[in-house]
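For chain A, the structure is supplied; the task is to place chain B on it using the hints.
Protein chains: 2
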Amino acid sequence: MTALAALLARITPPDGEAAARAQRHLDALTKPPGSLGRLEELAVRLAALRGGPPRVDHPVIFTLAADHGVAAEGVSAYPQAVTAQMVENFARGGAAINVLARQAGARVVVADFGVATPVALAGVASRRIGPGTASILRGPAMSVPDAVRAIEAGARLAEEAIAGGADLLATGEMGIGNTTAASAITACITGAAPEAVTGRGTGVDDPTWRRKVEVVRRALAVNRPDAGDGVGVLARLGGFEIAGLAGVILAGAAHRVPVALDGFVSGAAALAAAVLAPAARGAMFASHRSVEPGHELALAHLRLAPYLDLAMRLGEGTGAALFVHLARAACLVHAEMATFKAAGVSGPTGA
Amino acid sequence: MTALAALLARITPPDGEAAARAQRHLDALTKPPGSLGRLEELAVRLAALRGGPPRVDHPVIFTLAADHGVAAEGVSAYPQAVTAQMVENFARGGAAINVLARQAGARVVVADFGVATPVALAGVASRRIGPGTASILRGPAMSVPDAVRAIEAGARLAEEAIAGGADLLATGEMGIGNTTAASAITACITGAAPEAVTGRGTGVDDPTWRRKVEVVRRALAVNRPDAGDGVGVLARLGGFEIAGLAGVILAGAAHRVPVALDGFVSGAAALAAAVLAPAARGAMFASHRSVEPGHELALAHLRLAPYLDLAMRLGEGTGAALFVHLARAACLVHAEMATFKAAGVSGPTGA
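Protein chains in written order, with this note's numbering: chain A, 3 to 353; chain B, 3 to 353.
Hints were generated in silico from the structure; no laboratory data involved. Keep in mind it's a predicted model, so treat the numbers as computed, not measured. Just to be clear, a hint being listed does not mean it is correct.
Same chains, same names: a pair is fine if it fits in one copy or spans any two.
Said to hold, decoys possible - In silico SDA-like cross-links for lysine to any residue, where the CA-CA straight-line distance does not exceed 20 Å:
hint : residue 1 : residue 2
1    : Lys-343   : Arg-26
2    : Lys-343   : Arg-23
3    : Lys-343   : Ala-30
4    : Lys-343   : Glu-90
5    : Lys-343   : Ala-86
6    : Lys-343   : Arg-57
7    : Lys-343   : Gly-141
8    : Lys-343   : Glu-197
9    : Lys-343   : Thr-204
10   : Lys-343   : Arg-94
11   : Lys-343   : Leu-10
12   : Lys-343   : Val-233
13   : Lys-343   : Asp-29
14   : Lys-343   : Pro-81
15   : Lys-343   : His-27
16   : Lys-343   : Gln-25
17   : Lys-343   : Pro-35
If we strip away everything but chain A, and leave its shape as in the complex, we get:
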């Protein structure tokens, strides 16, 4: 059995009994039943995954970076060099994800999965599959063995973090051109039209948006991906960091550690992971709803409801970092609130 096959074999659905226990406990706490809304649902889902009381003490955010051959087709507002420059910014702690992760008490794992020019800096793990993908307008982004290598490299990064105590994984990415790849993956797996899934990315103008839609349409026509083949979709449509994030998600699911999905690009990785192992959905938490139109379609396909809706579209893991506060809040409510009985508070009249 390959490493990937072994990982997939470990993924099982959440624990219904642990969920019911958590709900009963929440109902005994000094508040009207259900009055903390989605915070309670979140605590129950975390308990179901963990098989016991929810806890989030050591969150780790995986910000994986890679370049995309499709960037040469003029689909982004920024030059390809920005991928490497932003990885350096991550390493120096100056990017939004650094700021928001510090606030959330989360560690950021930055990894180079294939930036055009290698970034050799302390604090950047080198997991390079190649110097960027090939343009999906001309053929597959990468070979199938490379897609498997990228998934397994992401999974290993996640497993190292879990071995070190990580109890929440979060996804994030950087890669000029990667919303084009994510659009193609989302169109393929959800069946939605290219113009419905393709958004403005970093903020492209109308002509560039129309070109981007056409690139997505042609990439699907040229590559003819099979929506039922998760590895194949990643190989044909890319990118290295998206495949790596699929690995992070699958490792979380295999080890029953929750995975906070960031925005649109992470959603594309989650779609591919759910094709490979439908039960992995039990480990996925949609941190926020991005303004990218394809993100909503991806979340609907995964039957996940986002917790935050702040009109964000930055990526890097920023939405997932904000979600860490909500996940912690859900755990703390479960762990620390007094019960009606202990606090001597009366229950409902006539109950």
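Okay, now just chain B, sitting in the frame of chain A:
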């Protein structure tokens, strides 16, 4: 000039130049312009209020408690005794607001504004206006002088906190029956129908909900409040804690300290505060959208968009406590992110 009149005279609109400076700074940071969505809007609004870089280092949550004569009309799922019992729970640190405030690094000020049986416990400030309001089904909740006393008591609590360094105020409340008072206030000020603003509160069944709607309708008919008279609306429809929260909000606005509004009952206080001083809206931040249907109407009337939407309906200040994390995130992004120039990151192609 009375203390209330002096407070109202101090309230002026936010600082447009500080807002523009904050937006320019955000646009120079290493992210596509606007890509942090509402986090950026939040940073800009905080800067506009403060007249300088946004900061939230010392949040204080005001959880004001009082009883309501209208509770005798059978409008709640819980007995009136729960108000005092929950205040004791707050004092011992076992309630949801204690847990979420600890997580957010916020201090909770618990004050008895008129619980039926006084709560004399360390950690509970006594600001009693009376032993609960009169039933709004029979006449005014309180006299006009008592409404002024309650507003001024809330404002003084807030001013003490501001003098101690508070840089974010948050509203919260406890009072069996207070969603009925809030429904009446919201119907009066927004002009919406009683059945449109009245919700399930702590979770009442259908017959109780119909009775609650009828109580709101009759309270408006009996008291004939004038929607243009903020103090009069609070005096006629109650309650002591709602008037106190209006005072907290007005003090925040007068001292240009942001006020995070919690849910439906806080929204009713905000509506009354905005009648007294329309410019106070500049200090109001809608932390979340409650499931109470009247809350959405109140926020629309105030032209405030909530930041969180987690199907919560607990009150106490719980939504506002979660919002503290977002407010801090907005400030940290503004303060700590690297600029394109400093990080050596390229700007948009052709820009």
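So, going through the hints one by one against the coordinates:
Taking the closest pair of Cα atoms, Lys-343 and Arg-26 come within 20 Å of each other only inside a single copy of the chain (14 Å); across copies the shortest separation is 54 Å, beyond that limit. For a Cα distance limit of 20 Å, the shortest separation of Lys-343 from Arg-23 inside one copy, 17 Å, qualifies, whereas the shortest one across copies, 53 Å, does not. In this assembly of identical chains, Lys-343 and Ala-30 lie within 20 Å of each other by CA distance solely inside one copy; the values are 8 Å within and 54 Å between copies. For the identical chains of this complex, Lys-343 and Glu-90 are inter-copy neighbours only, at 13 Å across copies versus 54 Å inside a copy, given an alpha-carbon limit of 20 Å.
For a Cα distance limit of 20 Å, the shortest separation of Lys-343 from Ala-86 across copies, 15 Å, qualifies, whereas the shortest one inside one copy, 57 Å, does not. For the identical chains of this complex, Lys-343 and Arg-57 are neighbours neither inside a copy (24 Å) nor across copies (40 Å), given an alpha-carbon limit of 20 Å. Proximity of Lys-343 to Gly-141 under the C-alpha cut-off of 20 Å is found in neither arrangement, the shortest distances being 65 Å within a copy and 37 Å between copies. Taking identical chains as interchangeable, the C-alpha atoms of Lys-343 and Glu-197 are never at most 20 Å apart, the minima being 56 Å within one chain and 35 Å between chains.
Taking CA atoms no more than 20 Å apart as the test, Lys-343 paired with Thr-204 passes between copies only; the shortest distance there is 18 Å, against 53 Å inside one copy. In this homomeric assembly, Lys-343 and Arg-94 come within 20 Å of each other (Cα to Cα) only across copies, at 14 Å, whereas the closest approach inside a single copy is 51 Å. In this homomeric assembly, Lys-343 and Leu-10 never come within 20 Å of each other (Cα to Cα): the closest approach is 44 Å inside a single copy and 45 Å across copies. In the homo-oligomer, the alpha carbons of Lys-343 and Val-233 never lie at most 20 Å apart, since the shortest distance is 53 Å inside one protomer and 39 Å across protomers.
Proximity of Lys-343 to Asp-29 under the C-alpha cut-off of 20 Å is restricted to the intra-copy arrangement: shortest distance 12 Å within a copy versus 53 Å between copies. In this homomeric assembly, Lys-343 and Pro-81 come within 20 Å of each other (Cα to Cα) only across copies, at 16 Å, whereas the closest approach inside a single copy is 62 Å. Only within a single protomer do Lys-343 and His-27 lie at most 20 Å apart by alpha-carbon distance; the minimum there is 12 Å, versus 52 Å between protomers. Taking the shortest Cα distances, Lys-343 and Gln-25 sit within 20 Å of each other inside one copy (17 Å), while across copies they are farther apart (51 Å).
Taking the shortest Cα distances, Lys-343 and Pro-35 sit within 20 Å of each other inside one copy (14 Å), while across copies they are farther apart (52 Å).
Figure legend: structure checked against the earlier numbered hints; hints not met, in rising order: 6, 7, 8, 11, 12.
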